[in-house]
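Peer 1: The listed protein sequences correspond, in order, to chains A and B. Okay, so the first sequence: first residue is 1 according to this note's numbering, each after it adds one. Okay, so the second sequence: first residue is 1 according to this note's numbering, each after it adds one.
Since the hints were derived computationally from the structure, they do not count as laboratory data. A few of these clues could be false.
Below, a list of computed lysine-lysine pairs in the DSS-like style, where the Cα atoms sit at most 25 Å apart [unchecked claim]:
(1) Lys185/A / Lys114/B
(2) Lys16/A / Lys194/B
(3) Lys303/B / Lys181/A
(4) Lys114/B / Lys194/B
(5) Lys114/B / Lys18/A
(6) Lys282/A / Lys194/B
Single-letter residue listing:
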Amino acid sequence: MSSGVVQSEKYRNSQKRKDFFISLFIGIFAIVWIFPILWTVWTSLRPYNDIISYGIFSWPRHLNFNNYVNAMREMKIGGYLLNSAIVTIPSVILTLFFGSLIAFVVTRYKFKFNLTLLLLFTAGNMLPIVLTYIPVFWMFIWVGELFGNRNLLYNNYGGLILVHVGFQVGFAAFVLSSYMKTIPKEISESATIDGANVFRHYWNVILPLLRPALAALSVLMTTWIYNEFFWALVLMSDDSKRPITSALRRLQGQYVTDFNLLAAGAIIAALPTVILFFVLRKQFIAGLTLGSTKG
Amino acid sequence: MKAAATIKKNRSRRSLSKGDRFTLSAFVGIPTLLQIILLWVPAVVTIVLSFTYWNGVRLEDIRWAGIQNYKTIFVNEPLFYQALKNNGIWLAFFVLVATPLGILLAYQVDRGIKGHAFYESIYYLPVVLSLAVIGIIWNFMLQPGGFVQGLMGLDIGNAISIWGNPDINTWVILGVASWRHIGYIMLLYLSGLKSVDPALKEAAAIDGATEWQIFRKIILPTMQPVNIIIVVITLIESLRAFDLVYIIYGNPTIFPLLNLLVFQNFAGQGISMKGAAYAVILLVLCIVPIITYLRVTFKEDLK
């Protein structure tokens, strides 16, 4: 018994020593890891002329936010950010709404097609997106012409939102349904006995219970959709309508020489997701694990 | 008991009123329809289109091509084999280096060292950045007049091209891609590790097991479902790789990848259904990981 305690003590001591070296290593590694981001922030605070005259390692003569002001003014970053919001917010809300509907039906009713449906949705999320590009493009043009407006879906926020929802809803349905499986069925049964119809059962009983999962997913989805790049590039022909992530690529070409300005633009573009991550870190991590570890 | 259950089930089904049945159909119908129209129908159409000639302009111009597009790709496109090779290197690097590093990092951060939440955040930070931003950030690091070249004592006049140098660009691109991938894997693995009982580790260590033995004999087996999912994610990410390289080069000739070739044939100047064939090849490569993923996650339901 006592030898066990001694050994356990010895083990803890050796662990402590190990912990010290490992945290040292992890700390140094972390500095290397974050350095490129810090360097970009640093670059964005310095005027272009300073670097041209004195070199990139020179002691800063001026540090200010002029590059940020110019990025907003010249690059019209504000407009692109607004585009991102116009696309991302409805996409996330619709994705979660549709995903929760599927999860609700699949876990609360015993239909024969339940598993097939869930498989269809989950697999859909894993398809290579380029597989759908040409037909979706044509469908959008065709539907637009049918209604007499070529830009009804193509080159329009609505089309981009639809595509995001169609692609992400599979993941939401899968995650929410595995979360719903942990909610006791008795709650639903008592709701049915109380005479609630299907819509009330969903809206008043299930949806409030899903709140933690919805919060976690919304953070994750916002990050994914905000950062999405491919669809915005191919479905938006007007540059002025593009979300920030795809617009940034063109700006990179245009401002290739003034990289302090570009750095400011990149930092502004990164801010929304970085802030979201730091403010809602718990939800973010929960969102990731909801999808991956539930067997 | 069983009979009672069946009666209950039947009753609950019969008890659905007309209105409820309508609501339920709408609940299932609208999202499913959206999914089928925007995902599955286009996927099937692309598979069909891969057997045709078409320049993507007028629907009347579509001509049947048989397997000609695939033949052209397999026989006449050196870029295809380069892309296959690059995707293969990408995959091998992610499976052998980046993913294990992410797991190692998770394992070490999980020891509960001081400030682990802070480290977690730092390692995870690149994952929340878009690849467009990542491209710009690494350009500052590596371009002529950038940080790394400055550190090497090369001013703009004597700068070397890192992105354009075929001897090193593969490794540079993989390094940048790993910068993002490692944090992602770390966080996924970390969440799984939290469910492993620390007493188990301690007991094994007291019995004289080395760290490596503990990892292999205790951690890995308990983490089995997460392991498979991480491998699947790694495979699919490597096969779908696109954004970063597109942002850096804009065209597929310097560092071809399958997804870039699809893009070039679809969204470039001359649209060709070779792009559809490339997309189908990509799908075929992704099918095994997708099915593995579905089988692991729906193991109990599929029984």
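Peer 1: Determine which of the earlier numbered hints do not hold for this structure and return their numbers in increasing order.
Peer 2: 1
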